[in-house]
Every structure is written in structure tokens, then in C-alpha cells.
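Undergrad: Chain residues, written in single-letter form:
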Amino acid sequence: KNEVEQSPQNLTAQEGEFITINCSYSVGISALHWLQQHPGGGIVSLFMLSSGKKKHGRLIATINIQEKHSSLHITASHPRDSAVYICAVGGSQGNLIFGKGTKLSVKP
Amino acid sequence: EAQVTQNPRYLITVTGKKLTVTCSQNMNHEYMSWYRQDPGLGLRQIYYSMNVEVTDKGDVPEGYKVSRKEKRNFPLILESPSPNQTSLYFCASSLRRPQFWGPQETQYFGPGTRLLVL
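Listed in order, the protein sequences are those of chains C and D. The first sequence begins at 9 in our numbering and counts up one residue at a time. The second sequence begins at 12 in our numbering and counts up one residue at a time.
Hints in this document: simulated from the structure, not taken from any laboratory. Careful: at least some of the hints might be erroneous.
20 Å max Cα-Cα, derived SDA-like pairs, lysine to any residue [stated by the list, open to error]:
| no. | chain 1 | residue 1 | chain 2 | residue 2 |
| --- | --- | --- | --- | --- |
| 1 | D | 68 | C | 35 |
| 2 | C | 108 | C | 22 |
| 3 | C | 108 | D | 52 |
| 4 | C | 61 | D | 127 |
| 5 | D | 76 | D | 113 |
| 6 | D | 28 | D | 72 |
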């Protein structure tokens, strides 16, 4: 059983649509990390969440610690949002556990 | 500029020829880590280090070695590479280890190293 599950695996949307990507985890965490991987391969940090909600531009991330669930929302999606979105949580030993990622494609 | 650098960016080698991928960060971060990324498997942790001279195995450490002699550098060593180590490798760093991450924390990733072992 994977300790971090993401859904959906693949997502195709039309420009302008509201997008939601989900991440569920089974381990206790101090914070959850959302990452974006561009088609060229580079990885950037989007959000680090330990409670509540964070917003940056058109991206919103929420976390529910009791339910062990986080969501990443993109409002008014744009083709430049096309990327792989990855969530990660820290294990109790100092290790890091990743979801398998959600590949998002936004069509014009 | 805060950054994590990796070298080389691309490498083609042959089975059994020892190689080292360097990783360096300029942010005085305590935590450094190596990951590999494979299609269908996502990112998996190879080794991590919580400070100088402290290293621990991640999920897939077999066939790899690391060292942390200085805070800024965390090289990944493949003593005898095999074709199943063909992958995309990332080094990353953060100020603190994941158990102590807070909402202001950030993990910085290097640009990646594409390795092909023939």
C-alpha cells in the first residue's frame, strides 16, 4: 500500500477550467509539500502546508490534517500550467515519501 | 542566488565504470537528499543527510554511496553502475529535515542529471 496516493494520475482540461488534484497520505506528518515539474524536467516548490490553506496567484493548496488529505486547486487554468504536480510528505525517520504525480495537460 | 547545482547534467557511461554526480548548495542547509525518477514510479529517495557526517538510506539505496564531509556538498557515487540505474537523478536541500518542516520551509531542487548506463 502506497503511503502517499495522488489522484488523478492524468488530467486533461480546457483553458479556463478549475482544476483539483488530490493527495492522501497514511503517515503522520509535520508538513506536506506540493511540487511542480515542468515538461523540461525541472522541479520547483509550490507550497509547504501544515494546516489550513495557502494561495499563490491562481494556485490554492489546502490541507486537512485530521483526514490526512490535501488538495491543489488551479483557477482559470492556462496551457502554461501543463506540468506534473507532485505531493510529498516527510516520514518519521527524516525520509521523504512522494506521490506518483499528476500529469496535467491544459488545452487552449 | 540560492541554488542547488548538480554536475554533470547528462552522462552516458558503460556498465561497471565508477562515476560520481556532484551536488552543491549555497544556502547553508542542513538537509540534503538524492532522488531518482523513473517513468511510472515517480520520485524515490536514494539517500539523505541530516547534517555533516550523517547519512541515511532512503527507499532505493542499493548500488549507491554518498558522503557528507562538508555541509554544502553531497556527492552521489555509483561504484559499479548497471543498466537498471539509468534514470533521472535529482539532488535537493532544505534548511531542516522533513520532520521539522513548517509552512515557511522550502525544498530546493537541482536541475537534474540524466544518466544512461549501457
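Undergrad: Flag every earlier hint the structure violates by its number, smallest first.
TA: Failing hints, ascending: 2, 4 and 5.
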